[in-house]
Structure formats: structure tokens, C-alpha cells
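Visitor: Sequence:
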Amino acid sequence: MAALLRARPVGDLEFDNSPKREPATPMQAFLLAYACGILWYMGTCYWIYDTMHQYGGISPPLALLILFLFSLYLGLYHGLFGLLIGLMAARGREHSFQTWRSLAAAPFLWVAVELARTRVTGFPWNLLGIAQVDNAALSRIAQWTGVYGISFEIVVINVAIAAAFLVPRKKRSPLLIAALASAAVLQAGRLIEPPASIADHTALLVQENIPVGTDWNRPLLIESTLNELSGLSEQSSSAATAKAATGGAFKTKLIVWPESPAPFFTNDPLFRNAMSEMARQTRAWVVTGAIGTIPALRGSGQGSQVFNSAALIGPGGDWTTRYDKVHLVPFGEYLPFPSLFSFAGGLTKEVGEFTPGQSRISLQAGDARLGLFICYESIFPDDVRQFADQGAQVFVNISNDGWYGDSGAYAQHLSQTRMRAIENNRWLLSATNTGVTASIDPWGRLAAQIPRKVRATLLAPYSLTSVTTFYTRHGDWFAFLCAIISTGALLLRFTSRKKAEPSP
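So the sequence shown is numbered by the numbering used here: it starts at 1091 and just counts up by one.
Simulated from the structure, these hints should not be mistaken for laboratory data.
Computed from a prediction, not measured in an experiment: that's the story for all the values here.
Do not take every clue at face value.
As the list claims (entries may be wrong) - Quick list of simulated restraints, FRET-style, between CB atoms: (1) Leu1554 to Pro1420: 46 to 54 Å; (2) Tyr1424 to Tyr1136: 54 to 62 Å; (3) Ala1286 to Ser1314: 55 to 63 Å.
As the list claims (entries may be wrong) - Straight-line C-alpha distance at most 35 Å; calculated DSBU-like pairs for lysine-lysine: (4) Lys1543 to Lys1261; (5) Lys1543 to Lys1333; (6) Lys1333 to Lys1343; (7) Lys1341 to Lys1543.
Glycine is no exception: its CB is placed at the ideal position from the N, C-alpha and C atoms.
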């Protein structure tokens, strides 16, 4: 931050008892922040290379190029933040006042840029506030402001540290000590252990552990996979029922299968019959990832539609309803600008052609209303909170993190999923293909989990609630407020500069 505001010495004007340093020009600030953004995305989203190379069939040089282009693109948001800071800071006689004004505006500008990244680009991966998901005290801000409020607080602390290097030397130490002490106090929230969350339900989460690259052309493979997974689910459900009879657990009324790399189609009789029979045998509601289809209507001129779906099956074996994924993954479930990426033949061959769903209604499963969302959708704060706002009493996220391989992306994804539980004060059941399969309580803690990359089941505790948080009811109000304040500050900056200019 201080680097954006101190570029080079000019003249004999006093600011910090040293030669006067003017702020960076807007272009200097943009380039410095842009370089930081590129490094940030290359370092945190490095897994894109492995995904594109290993599963997209792209050569290593092209996969590396895609990662670099991705970082160049999203790094522009960091560059935009630097540019806005540079525009807010004046050069010349009003330097001191404008520098402080740009510092004061920085937290608002940062959140406004994060909102733009979420709403415009549609890739809010690792928003700054996610870093505090393990800070039980500080993360509660998210129930009012969403994750954006935590991002705001982090930038405020960084602004205070930057300001310590812009004041006269004799005032520097007290301000720096105060800023660091504030950071330490806020981080002390990590040492606080919240009260235990009370659970009065148990779900059975199935971790399929099906390799993403499985060749499904082999005869009987789908049938044998279904039989093995169904048998595992029924056996685990029976064990849970026996445990409940002795008072050692709550009866399992919900079984969840994850998003799967297996070609489980909702119109496939083999798949439908297997799932219906399992539901009848366990007498439980079943949620399963599947490929939903709508056949083409004769004379409509429209082809058949394919969806990334989650089906809900009743205890009697009837297929009651399904949720179709609304927010699809670019380059994974659809290819934006296909003509532009025609050079990547392996990628275009592997990318799905899914149709986005249209509704985020909660699904009724017995006495529970489920807020069901699929994989990538868990990184969108406003998308997930809509389920709770429409009555969902517990969240269910089904995911296939096998596409990330052995990189750290699965842990990044889990942290973002945990933040959704915190924002909406909801239990969240996360069923994944390769892990982490877990039950997440309203504090964002992992109440129960099983190891990654094993085929197993988890008895996941949870509870139902209809209480909504301020964020659930009002959405991204704080982020939009920051965007409005940022716009007003920029308008004031240029209006005041125009008035200050002498008339010809």
C-alpha cells in the first residue's frame, strides 16, 4: 500500500521529515498492483495447469499459457485497485491531504473491486476475507456483511500499517505499534473456541472415490460401481440404525451421494432402479449427483438439453424433484468464446456442454428443506445465501474435487464452502467424490470428516434451523455500499481538482 503512495523524492516539501515523496502516477500504481495480481493468481491457482494438462488433454506449454493468460486477466482487478488508489492520490501542493484520503478510501475500493470480480467476471475464488475462516470471533462479521466485511477489515489493518510509513519519523513507531497490536488482537480470535454446536440429525455422506479418468466403455463397469456404492450405503445405513437403537446416534433420514465423474444419467433405467431400490431399503431420502436431461421436443427447433444435476429420491423410491446447477464452470462445463479457444483441441473436446439451471429453490425432503448447490457454486456468497433466504434449513454441497488432483485447490474450495455456513448460520453437509467429505457447523468448523481418496461413508451430524442472518436477508448490501462510497469518493476527487484549477 505504501509503495503505491510513495514513488520518488521531489523538491524540498516536508511530509515525513525526509525529502518529499510524491505518490505514484495512476499508471505506475496500476502496473505495480497488476504485477502483484499476476503473481497472486499464478501462485494460488497453479492447479489450473495440472487440470488443463492432465484432464483437458492439453500439452504442457499450452496448459502453462492458459494459466498465464488466466492470471493476466484476473490480475487486472488488482491493477484496477492500484489505478483507483493512484487516481485518488494527488501530486503537488495538496499531496498530504490527498494521500490520507486515498488511504481512507482503500478498504472501500478493495471491496468494490472484489464485488466486481464476483459479479462481472464470475470468479470470486479466494476473496481476501476467506483467510479468516478459522478466526471464530472475526468471521462472525460475515453474518452481517458477508465475506466482504472481513476483507474490509483486513485492508483497514494494512492501511494502518502503510500509514505508519507515511507519517513523520517521530510519530511512526507509535502508529506502527498500534496497527500491529490491533492486528494481534483481531488474530487472537483464532484462539477462541466457540461453544459446541448442537446436532439432532444424522446424514450418511458417501465418498465414492471414483478416479476422474476412468474408462466407462468397459462392459458392466457402471453396474458394478452402482452395486458396490449401493451396498456400501445400505450397510452403513443399517449400522447407523442399529447404533441409533442403542441411543448412540440419531436415525439416518438422509443419504447423500456426491457429484460424480461416472456417467449416471437421470433417464438411465439402470441408475434409476438402483437408486430407488437403495432408498426403499434404507427408508431414507437420497440426494445424488447425476446428469439431468430434457429430450428435444419435436417441432420446437431446440435440441436436447443436458444439466449437471442433483436428484432427490423419496424413501418409497419415487424420484421427486431435482436441482439443476445454475452457475456453471467456464472451461469445465461450458466453453466461453469457443472460436477463440479453437487452438486447444484437447480442451474443447473434454469440456461439457451443459445448460444452466434456472431456479435456486430449496428442496423438501421429509421434515427438512435442503439448500442444494453443486461444487463451484459454493464460492458465490450471494448465490448460496438465496437458498437460506428461500427457506433452506440445512445446506448440502455435492462436489467432485477430483479435477484438482493432488494440489491444494481442494483445501481452498473447502475454506470457501465453510464461509457459506458462517455467513448464513447453517449446518452444511459437504459430500465429495475424493474429499474432503465433512459436516460443517454454523461456526465453519469441521464437526466430522473422513480421509480423502478413500471409498467410505460418514455419519454426519447436523441440525435444522429457519433463523436467518442479516446477510441472508439482505445479501451483498455492504459490498454495494462500498462500491457507492468508492464512486462518490472518485467523483469528489475529480470535482475538487477541477474547482482547484485556475481559470484561464
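Visitor: Against each hint, give a clear statement of whether it holds in the structure.
Guide: The hints, checked one at a time:
With their beta carbons about 34 Å apart, leucine 1554 and proline 1420 fall outside the hinted range of 46 to 54 Å. Taking the beta carbon of each, tyrosine 1424 and tyrosine 1136 are about 23 Å apart, not inside 54 to 62 Å as hinted. The hinted window of 55 to 63 Å between alanine 1286 and serine 1314 is violated, with their beta carbons roughly 42 Å apart. For a cut-off of 35 Å, the pair hint linking lysine 1543 to lysine 1261 is broken: about 55 Å separates their Cα positions.
With a C-alpha separation of about 26 Å, the suggested pair lysine 1543 and lysine 1333 falls inside the 35 Å cut-off, and the hint holds. Between the alpha carbons of lysine 1333 and lysine 1343 the distance comes to roughly 14 Å, so the proposed pair stays at or under 35 Å and holds. Taking the CA atoms of lysine 1341 and lysine 1543, the gap is near 27 Å; set against the 35 Å cutoff, the hint holds.
In summary, the structure is inconsistent with hints 1, 2, 3 and 4 from the numbered list given earlier, while agreeing with the others.
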